[in-house]
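So the sequence shown is numbered by my numbering: it starts at 1 and just counts up by one.
Take the hints with a grain of salt, since some may be wrong.
[Unchecked claim] BS3-like mimics (lysine-lysine), calculated; alpha carbons at most 27 Å apart, straight line:
id: 1; residue 1: 100; residue 2: 65
id: 2; residue 1: 47; residue 2: 136
id: 3; residue 1: 4; residue 2: 194
id: 4; residue 1: 51; residue 2: 65
id: 5; residue 1: 136; residue 2: 122
id: 6; residue 1: 194; residue 2: 100
id: 7; residue 1: 43; residue 2: 4
id: 8; residue 1: 65; residue 2: 122
id: 9; residue 1: 65; residue 2: 43
id: 10; residue 1: 65; residue 2: 47
id: 11; residue 1: 136; residue 2: 100
id: 12; residue 1: 122; residue 2: 43
None of these hints come from the bench; they were simulated from the model.
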Amino acid sequence: MGVKRLVPLGILISGRGSNMEALIIAQREGRLSADIRVVISNKADAKGLEKASSYGIETLVISHKDYETREDFDLALADALETRGVEYVALAGFMRVLTKVFLSRFPMRVLNIHPALLPSFKGVHAQRQALEYGAKVTGCTVHFVDEGVDSGPIIAQVPVFVRDDDTEETLSARILEYEHRIYPITLEAVLTGKIRVEGRRVFGFSLEGLF
Numbered sequence: 001m002g003v004k005r006l007v008p009l010g011i012l013i014s015g016r017g018s019n020m021e022a023l024i025i026a027q028r029e030g031r032l033s034a035d036i037r038v039v040i041s042n043k044a045d046a047k048g049l050e051k052a053s054s055y056g057i058e059t060l061v062i063s064h065k066d067y068e069t070r071e072d073f074d075l076a077l078a079d080a081l082e083t084r085g086v087e088y089v090a091l092a093g094f095m096r097v098l099t100k101v102f103l104s105r106f107p108m109r110v111l112n113i114h115p116a117l118l119p120s121f122k123g124v125h126a127q128r129q130a131l132e133y134g135a136k137v138t139g140c141t142v143h144f145v146d147e148g149v150d151s152g153p154i155i156a157q158v159p160v161f162v163r164d165d166d167t168e169e170t171l172s173a174r175i176l177e178y179e180h181r182i183y184p185i186t187l188e189a190v191l192t193g194k195i196r197v198e199g200r201r202v203f204g205f206s207l208e209g210l211f
């Protein structure tokens, strides 16, 4: 039996990094075939940086405020990742829309997790959007990243029922539990070549029966 290849992975964050930590734990437990090379944040005060450092992972701050254009920022970001041999990129609460300057360097190799059932409730405050709209079911989505906002091909989704007494905080917490579970599983399927993409449809992987 051959040695399992660990795919060089970079993680981008802007905040607390809870999904980042879920990926790190999965990797440490042998559930994620990744070699996490670096965690990069566009915000120096992101709490996830300290978490990543505590696991012995290199951290880096590249502030978008230091660049005149989005493209210049994305170029610096891509250069930093490629310098470290990164092949795939996982967004974990990274609050920037990436341009083709970045995405062309990692074609169909950038993933994101979003706290709603896309294409519903894109962008920020997705949980609040679901409550305000009166949705009875929301959830979370893992998808490939394209130049739009939460618009890339969908890889996996899990539904979460909205309760009558839900607040934005309680709904967010319940969705987050599923985010932490499905992101490592879905990323593992991508890293190990279990999926194929045809247009907007992703085949070869399903969470059916797991939740």
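Each hint tested on the structure:
no.: 1; hint: 100 to 65; in the structure: 19 Å, holds
no.: 2; hint: 47 to 136; in the structure: 32 Å, violated
no.: 3; hint: 4 to 194; in the structure: 14 Å, holds
no.: 4; hint: 51 to 65; in the structure: 23 Å, holds
no.: 5; hint: 136 to 122; in the structure: 17 Å, holds
no.: 6; hint: 194 to 100; in the structure: 26 Å, holds
no.: 7; hint: 43 to 4; in the structure: 34 Å, violated
no.: 8; hint: 65 to 122; in the structure: 24 Å, holds
no.: 9; hint: 65 to 43; in the structure: 9 Å, holds
no.: 10; hint: 65 to 47; in the structure: 19 Å, holds
no.: 11; hint: 136 to 100; in the structure: 35 Å, violated
no.: 12; hint: 122 to 43; in the structure: 22 Å, holds
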